[in-house]
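Can you join these two chains into the complex? Each is in its own frame, and there are hints to help.
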Amino acid sequence: MKTIISARRLCKKYGAFVAVDGISFDIEEGECFGFLGPNGAGKTSTVRMIHCVSPLTSGTLIVDGQAAHVDNRAVKQQTGVIPQEITLDSDLTVRENLQVHAHFFAIPRREARRRIDGLLQFVELEKRRDSKIDQLSTGMKRRLLIARALLNQPRILIADEPTTGLDPQARHLIWQRLRQLKDQGATLILTTQYMEEAQQLCDRIVIMHQGRILKEGAPARLIAAEIGREVTEIRSAADQDESLVAELGPLARGHERAGDTLYFYCDDGRPLMKKVLELDLPATVHRPASLEDVFLKLTGRNLVE
Amino acid sequence: MNFSRRIAWVFWRNMVSYKRFVLTTFLASLIQPLFYLVTFGIGMGAYLGQFGGKPYLYFLVPGVLTTSVMMSSSFECMYGTFVKMIHEKLYDSLIATPVSAEDAVAGDIAWGAFRGLVSGSLMMIVAIFMGILPVSLLSVLLLVLLMVFVGVLFGSLAMIVTSFAPNFDFFNYYSELVITPMLFFSGVFFPLDRFPGWMKALAQFMPLTHAVAVARAIFNGDYSRGLLLNFLVIFILGGAAFYFGVRRMKKRLIK
Ligand SMILES: Nc1ncnc2c1ncn2[C@@H]1O[C@H](COP(=O)(O)OP(=O)(O)OP(=O)(O)O)[C@@H](O)[C@H]1O
Ligand SMILES: [Mg+2]
Chain A
1 MKTIISARRL CKKYGAFVAV DGISFDIEEG ECFGFLGPNG AGKTSTVRMI
51 HCVSPLTSGT LIVDGQAAHV DNRAVKQQTG VIPQEITLDS DLTVRENLQV
101 HAHFFAIPRR EARRRIDGLL QFVELEKRRD SKIDQLSTGM KRRLLIARAL
151 LNQPRILIAD EPTTGLDPQA RHLIWQRLRQ LKDQGATLIL TTQYMEEAQQ
201 LCDRIVIMHQ GRILKEGAPA RLIAAEIGRE VTEIRSAADQ DESLVAELGP
251 LARGHERAGD TLYFYCDDGR PLMKKVLELD LPATVHRPAS LEDVFLKLTG
301 RNLVE
Chain B
1 MNFSRRIAWV FWRNMVSYKR FVLTTFLASL IQPLFYLVTF GIGMGAYLGQ
51 FGGKPYLYFL VPGVLTTSVM MSSSFECMYG TFVKMIHEKL YDSLIATPVS
101 AEDAVAGDIA WGAFRGLVSG SLMMIVAIFM GILPVSLLSV LLLVLLMVFV
151 GVLFGSLAMI VTSFAPNFDF FNYYSELVIT PMLFFSGVFF PLDRFPGWMK
201 ALAQFMPLTH AVAVARAIFN GDYSRGLLLN FLVIFILGGA AFYFGVRRMK
251 KRLIK
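Respectively, the protein sequence lines represent chains A and B.
Quick note, the first sequence lines up with residues 1 to 305 if you use the working numbering.
Quick note, the second sequence lines up with residues 1 to 255 if you use the working numbering.
What the hints contain is simulated information worked out from the structure, not anything from laboratory work.
Given the structure is predicted, the values throughout are model-derived calculations rather than measurements.
Check each hint, because a few of them may be wrong.
To be verified - Computed list of chain B residues with no C-beta within reach of chain A, every gap over 12 Å: (1) W12; (2) Y18; (3) M206; (4) L228.
Stated by the list, open to error - Using C-beta positions, here's what the derived DEER-type ranges look like: (5) A:A74 to B:V135: 50 to 56 Å; (6) A:R110 to B:L34: 42 to 48 Å; (7) A:L298 to B:I236: 57 to 63 Å; (8) A:T60 to B:M199: 57 to 63 Å; (9) B:L133 to A:E126: 36 to 42 Å; (10) A:R73 to B:R252: 39 to 45 Å; (11) B:N2 to A:R110: 51 to 57 Å; (12) A:R155 to B:N2: 20 to 26 Å; (13) B:H87 to A:R114: 28 to 34 Å; (14) B:F26 to A:R109: 26 to 32 Å; (15) B:L34 to A:T138: 40 to 46 Å; (16) A:G118 to B:L232: 50 to 56 Å; (17) A:R155 to B:H87: 39 to 45 Å.
Each residue gets a CB set at the ideal place from its N, CA and C atoms; glycine is no exception.
The following block holds chain B by itself, in its conformation from the complex (with noise of 0.2 Å):
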């Protein structure tokens, strides 16, 4: 692994680009998570009423912040660097540079998470205003936190998929068999406590399940000792998905 600060100017060259389009962006990656808020959370939670002693609401906001964190950095480090790796050519002129391609991959990756972040802060500041906030200013503090992790997790997750993938239709398959699933399955909406044995222990192997947890836990203040093997899944596979994915993106850049 030959990795350089220069990760911070491909970081740099992205948001350079990012300029042009964020306003549209901004819209793109909130209307999903809003729909669900509204459906779910104003919709069902009418019949739900209290959750843990708070409103519904307060359980959905941080579940749907996580999976919107999800959403924006896999679709970045899959869509975004599938067009800049294939259509633009945009890593070959990268690596032509001393810039080498662990800084390149990596710094997208970055760039995937940053995305993310953007994505779970803007949920945030809607729930805010929604009057659903965070117990306190150190939890908002680590959520950001928490972002960052969730979103190099999943990022470099996504760039382990566009390591293989052959061409766009390629990334249906891990939307549709590992991303939705995890949208369902992962507690984001309901409790797993309620879930006959099989489907909870299928949950915990989905990487989305300890990212809510933590997420949910922080936003609400209520800690409890089994948070630290949340974290700790988040941030061993995070680390591992982003060892595979830099030298699998390795391999596919360099021939």
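Chain A extracted, bound-state conformation (with noise of 0.2 Å):
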């Protein structure tokens, strides 16, 4: 596969706060590269160095074999971009704003209508079209982002943060979407904060905390290397932890403590799961690992900001 985005120590400062630290990552053509981090931890800054809209402070970024900077009209003419914050023209209708963006990338007008009618079909929107923007459902209006980011059917798709604050059905929908463009063959970067819209739709993933990137790896892969398959959540005072670690953490990979619960993580949960039933503990759960664990081990479970 052919590398289509690469970042070497890239860099971002707001004044002397440094956004982004020293990054370098890969990204494939045809992949999904998901960005997971909490709140803050430099996502949107560095999709929006990507997507030429902010300059770097230091360090290399090349995308499509271009040098990204602020004013590479290239490189924003085919990529698409569905901002993390809804930034669509209230004073324009559904499809005004669609029309109005075509022009920016010189779409001729014909062409123009033809992929607007087919987009506002392929996000269900095709009946709101004259409906004005503050008449939408939240669903709505990021359905209609993603209808706005494929105009210039772009080769390079960034996604930021693309269901924050929709209800199951909308954010469904839109994972529905997002792997159908993967399929025709788009590159796809997320950025997220949720694990499950991570597990379904990223080949790969970072985990960014900080500014800084902690690890980086296939879903399934990093759940395998840093969890294990299965997690022993038991609810218990923080006084117990001596006594429950010396009886059970022989039988786990790990453990942790995080607020009122003690965190153990196994390959193979049944040994240990026995002896939780034989100390008769109660507040107990036994699951499979996920991303999520993954992500709070490595950014720390309690609050960040």
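Laid out in structure tokens, this is it:
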């Protein structure tokens, strides 16, 4: 596969504040690459440099063979952006939003009309084509943002937390659409705080924290490497840790305390569960390990900001 | 500076949105100037009699017309742009397309100038209906051209203000400290030659003074050599304000 985006020691500072702290990564053409991280990790700052609206402070960033910089219209021409914030033009209707946007990409009028009809259908907004933006629900607005991002038939699609604030139906619809786009060969760059979203969509992810990349890999591999297959959660007071760890620790790969819960990570949870039953511990949950465990283990189970 | 033909499409975006409230803006941009025409022109004009061989209204109309261009283009590039930038995040979505920050800002200055042109033209039409006519068809065309320059000048100056504005209240300073004094000390309502020397000198620093001088000369067809200087001030100041307005706004938009 061909590398389409490549960053080396990429840095972004706002004044003295370091938002992105020397990260390096490669994104392959046609894959879905995810940036995971808590609030303020630097995800948006990173993708904004990729789509050439934010200058790099230092490092190199190559997008499709060209250096990324704020005046690079060629990169912008073939990139679609679903921004984190809803930046629709509220003075215009749904259709006008798309028409005006098509002009910015120099799409011929007739071709634009054809694409707009297709895209409105794709995001299931045909019936709302003449609605004003403030008459739309959040889910509809997010879908319109997707349609807008696809007008120029981008080779690179950047989706910055595309499902924040949506109900499960709307979220699943957006996931389906993003998967469809990937199947059509687009390179997808996703930022998210939802682990399920990353697991559903991403081939590879990086976990970011305070401007740095902590881990990189395929979601399943990361889970296996960092956590194992299963997790046991025991609600207990912290002063019991010593005795519990003495009993259960040898049967697990690792353990961690966060708030009122003690977590044990294991590859095979049966011996540990047997012990738990023997000890007759109430308030115990045994479940498969998820990306969320990796995320919380790496970025800390307590509030970051 | 990274300009392209997309400036025209940014302008076009404003046009698409404008069609919904065009009538209300007509009213809004007519009321204040009409107010001046009635109170000063008809009310005071009755006492003033002839002014350089013509009724006072011939003196007043070009001044009010220029003022209304200034007002419309300034307010469009302050309040209009600020809403688009901060409240609607429109600039963010513009610069994520091949539109550069320079294109976006220049398109909005052009839009501000257009709004000024519309207001000024409406004024001219009202004046014509009142029987106050520019001397010739050529004057009308020259006035239109002048209004475009004046619109770019004041739109750009307003854009500089907007680039610093933390919130709406900030615009009050500019309106109260710059726009309003200009209205009264730029020879819109009275000729400057009756003012004391220091005030005349001060007036030369107000861009509106020069704009009004040129507009009045064109309207009445009495050209003099001094006008060249007035026009140069508009042209050079307009160019400089445009340059700095775009540059300052780019700095604010690109982080
Ligand atoms: N324009 C700016 N000026 C100053 N600081 C900024 C600016 N934009 C972002 N930051 C800071 O940089 C850090 C990283 O922000 P960024 O938006 O990239 O994070 P994020 O991972 O996208 O977070 P979120 O999940 O909340 O969107 C944050 O601490 C933020 O406050
Ligand atoms: Mg973000």
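Quick rundown of the hints versus the structure:
Once the 12 Å rule is applied to beta carbons, W12 of chain B is inconsistent with being away from chain A; the minimum gap is 6 Å. Remark: the non-interface label on Y18 of chain B conflicts with the geometry, its nearest Cβ contact in chain A lying 9 Å away (cut-off 12 Å). No beta-carbon of chain A comes within 12 Å of the beta-carbon of M206 of chain B; the shortest separation is about 34 Å. The claim that L228 of chain B is not at the interface with chain A holds, since no C-beta of that chain comes within 12 Å of its own (minimum 38 Å).
Separation of A74 of chain A from V135 of chain B is about 52 Å and conforms to the stated range, judged on CB atoms against 50 to 56 Å. At roughly 45 Å, the beta carbons of R110 of chain A and L34 of chain B sit within the given window of 42 to 48 Å. Between L298 of chain A and I236 of chain B the CB atoms are about 59 Å apart, so this pair conforms to the stated range of 57 to 63 Å. Between T60 of chain A and M199 of chain B the C-beta distance comes to about 59 Å, which sits within the given range of 57 to 63 Å.
The hinted window of 36 to 42 Å between L133 of chain B and E126 of chain A is violated, with their beta carbons roughly 53 Å apart. About 20 Å separates the C-beta atoms of R73 of chain A and R252 of chain B, a value inconsistent with the hinted range of 39 to 45 Å. At about 29 Å, the CB distance of N2 of chain B to R110 of chain A disagrees with the hint of 51 to 57 Å. Taking 20 to 26 Å as the suggested C-beta distance range, the pair R155 of chain A and N2 of chain B conforms, at roughly 23 Å.
Separation of H87 of chain B from R114 of chain A is about 33 Å and conforms to the stated range, judged on CB atoms against 28 to 34 Å. In this structure the supplied range 26 to 32 Å holds for F26 of chain B paired with R109 of chain A, their Cβ-Cβ distance being about 29 Å. For the hinted restraint 40 to 46 Å between L34 of chain B and T138 of chain A, the CB-CB distance of approximately 44 Å keeps it satisfied. Between G118 of chain A and L232 of chain B, the C-beta spacing of about 54 Å keeps the proposed range 50 to 56 Å intact.
At about 33 Å, the beta-carbon gap between R155 of chain A and H87 of chain B misses the expected band of 39 to 45 Å.
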